[in-house]
Amino acid sequence: MRMLRYLRLAFANISVNKMRSLLTMLGIIIGVAAVLTTLGIAAGAANSITADIEAEGTNLLDVSAANGASTLTLADARILADTTAFPQFAGVAPTYSGSATFVRGATDTDGQVRGVTADYPAVSTVELASGRFLTTDEEMNATRVVVLGADLATDLFDSADPIGQEVRIGGDLFTVVGVLAESGGSAFFSDDTTAYVPLAVAQTRLFNAPRYRGELSVSSISIKVRDGYALESAEQDAEVALRLLHGLGAEDDNDFSIFNQASLLALADRVSTTLSTLLGGIGAISLIVGGIGIMNIMLVTVTERTNEIGLRRALGAHDRDILTQFLAEALVLCLLGGLLGVGLSYSVAVLLTTVPGFEITVTIDLTSVILALGVAAGSAIIFGLYPAMRATRLDPVEALRYE
Amino acid sequence: MNNTNQHSGDAPVIAIDNVTKTYQMGEVAVHALRGVSVDVHAGEYVAIIGASGSGKSTLMNIIGLLDRPTHGSYQICGQEVSQLSKSAQADIRNRKIGFVFQRFNLLPRTSAQAQVELPLFYAGITGSTARRRAIDALTRVGLKTRIDHRPDQLSGGQQQRVAIARALVTQPSLLLADEPTGALDSKTTAEILDLFDELHAQGLTLVVVTHEHTVAARAARVITVSDGAVIGDVRTRGAAKEMHA
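Those sequence lines, one after another, are chains D and A. Per our numbering, the first sequence starts with residue 9, numbered consecutively. Per our numbering, the second sequence starts with residue 90, numbered consecutively.
Chain D extracted, bound-state conformation:
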C-alpha cells in the first residue's frame, strides 16, 4: 500500500516533465532495445544453424580416413555392417568421393562425384526429384549410371528431362537414372553439385582408389545409429572396432576420424552462447550508460525539490521515506524506459522481416526480456541510490530555506 503510494507519486512527478523524462529514459530505451535485438538476432541465427544440422540427422557418425592415409577400406564397412556383431548400427554406407568434370555435348561443369552403395539413402538424407536411386545390381555390376544433384542437372540439361540421357564424367559415358531435389536454402551443407555413382565405379573407373591389405579403400563410412542406442557409446564402439581392425597399438593415434552431428550441434550451441554473451555484454554497457543518464537527472531532481524534501522532513518523513520516494522515481523511470525498449525491440524485429535478404528470424524470448528489465531495474537501484542518499542527507533547516 505504502509502496503503491510511492509509485503513484513517482508517476506523477515523472509525468510533470514528460519531455525531460522521455529524454532521460532514452538511454535505457535504446540499451534494452539493443540488447534484445542483438540477442534476438543471435538466437535466430543459432536456430537456423541448428535446424540445418538437425535436418542432416543427429544420429549419424561419419568415419573418414585420416589425411593421406588409405587404411579405411570396404572390409571395415563390411564388418561394421554385420548386425549380429554391431546391433547398434542401423545402416553403414561406405563412400568414395572425388571431384570431376561433367560434360554433355558442348556444355561442361565441375562437381563432386560420390561413389555410394544402394544402401546410402537409408543412412543419409537424399531426396529424389525424378527417376530413382542406384540399385544393388548396378552396384554389383559396376554399371555406369549416375544420379545428378539438382544444380548439375540444371547446368547440363537446362529444362530438358535428363532421365535416360547420357553424360560424360572423366571421359566415361554414364546414363542418368535419377535427379535429386534441391537440398534447400542451407548454405552449409549443399549437395546440389554432387553426383552419385555406384561405389565400385568411383573406386576403379573414375578415381583409381588405392588398396590396403588387398581391399579397396574408401574415403568415408557413414553410420546411422539405431534408435535407442546412445550416440556417444556407439561412437566409442566404432572407434574400438576400427582400431582393432587396423591393428593399432595402445600408443598409436587413430588413422581415421569420427565425427558426429550431435557434437557439431553442441559446437553451434557453444558458438551461439559465446556470441550472445558478447552481444549481451555490449548491450549491458549501453544500459549502464543509460543508468548514468538517470542518475544525472535524479541529481537535478533532488536539487530542484530541496524545498519539498525539507517540508517532508518537517512533516515527519524518515530517511527511509525520502530514500524510497526517490528510488521509486528512478525505478519507475528505468522500468518505463525498459518497457518502451522491449516494445522498440519487437518493432525492430518486425521491421527486419521486411528487409530483403535478411533471412534470420529475430527470436526475442521471454527470458531475455525479463533479464533486460531486471538489468534496467538493477541499474535504477544502483544509479538511483546516490541521488536518493543525497536527498536524505539534506539538512532540513537548509532545505526549507532553499529557494
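There could be a bad hint or two in this list.
Claimed, not checked - Using 20 Å as the maximum straight-line C-alpha spacing, the simulated EDC-like pairs for lysine to aspartate or glutamate come out as follows:
no., chain 1, residue 1, chain 2, residue 2
1, A, Lys-175, D, Glu-406
2, A, Lys-175, D, Asp-403
3, D, Lys-232, D, Glu-62
4, A, Lys-175, D, Asp-329
5, A, Lys-233, A, Asp-156
6, A, Lys-175, A, Asp-156
Don't read these hints as lab results, they were simulated from the structure.
Put chain A on the given structure of chain D with help from the hints.
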C-alpha cells in the same frame, strides 16, 4: 522544572532549559543562542518576536526539532527530545508538532486534501481514515468546499489555510508557525490571525515566530529574543486565564 522522561499531563508542552546554540563559521564561533530558558504550557498562545539575526529562527528550529541545541535540555510534554535519534525526532515532529511556514510550502499540482493527508501518510495512516481526517481538518479552517483545489487554484490566504489544516491533521500538541503572515496582505493576515484566535479558543497551543509587532500583539504572551537571549516575556490579553496551577 519537570525532569522525568515520563509523559505527564502537568508537564509543559515545551520546556527549554538553558539552551545554547553555537555555529562554527570557519575560525569564528557564532553564538546564536546564549542560554535560553522558556516554558510553554498547554493552551498557551505565544509569540516569539525579534529582529532578524536575533536568534529567533534558531530557537524556532530547535523547538521544531529541525536543529539540535549545542547545550541544554529540551523537553516536549515531559520527554527529553534534544538527544533523540534523527528517526525518533521525525516521529515527534510528525505527532506532536504542526508546522506552518511563511511561504506555505505546499506541494505543486497536489489537491488540498492530498496535501493535508501527507503527515498522516508519514504516520502510517492511509485510506479512508486519512481522507476523513483531512476533510475534517480542512473543514476546521473553512476550506470544506475547496478540498479538490490545487495550490494554483487557491488564493494566498486559502493556501495558508491548507497549510494550517495540514499542521492540525495529526492533532499535534503544538502548532509552530514561522512568519505565518509574512507573504500575505493585511486583509488576509487578519483572517489568518482570526483563525489562530479561534484555534486558541478551542484549546490549541500555538507558538508564532514573527518580527511583526501587530502579529505578536494578538498572542496572549510575547517572548522577545535579542542577540541570542530572551529579553522579555510578557503576558498580555487574558493572561490570567492561561496560567496553570
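Sort out which numbered hints this structure fails and list those numbers smallest first. 5
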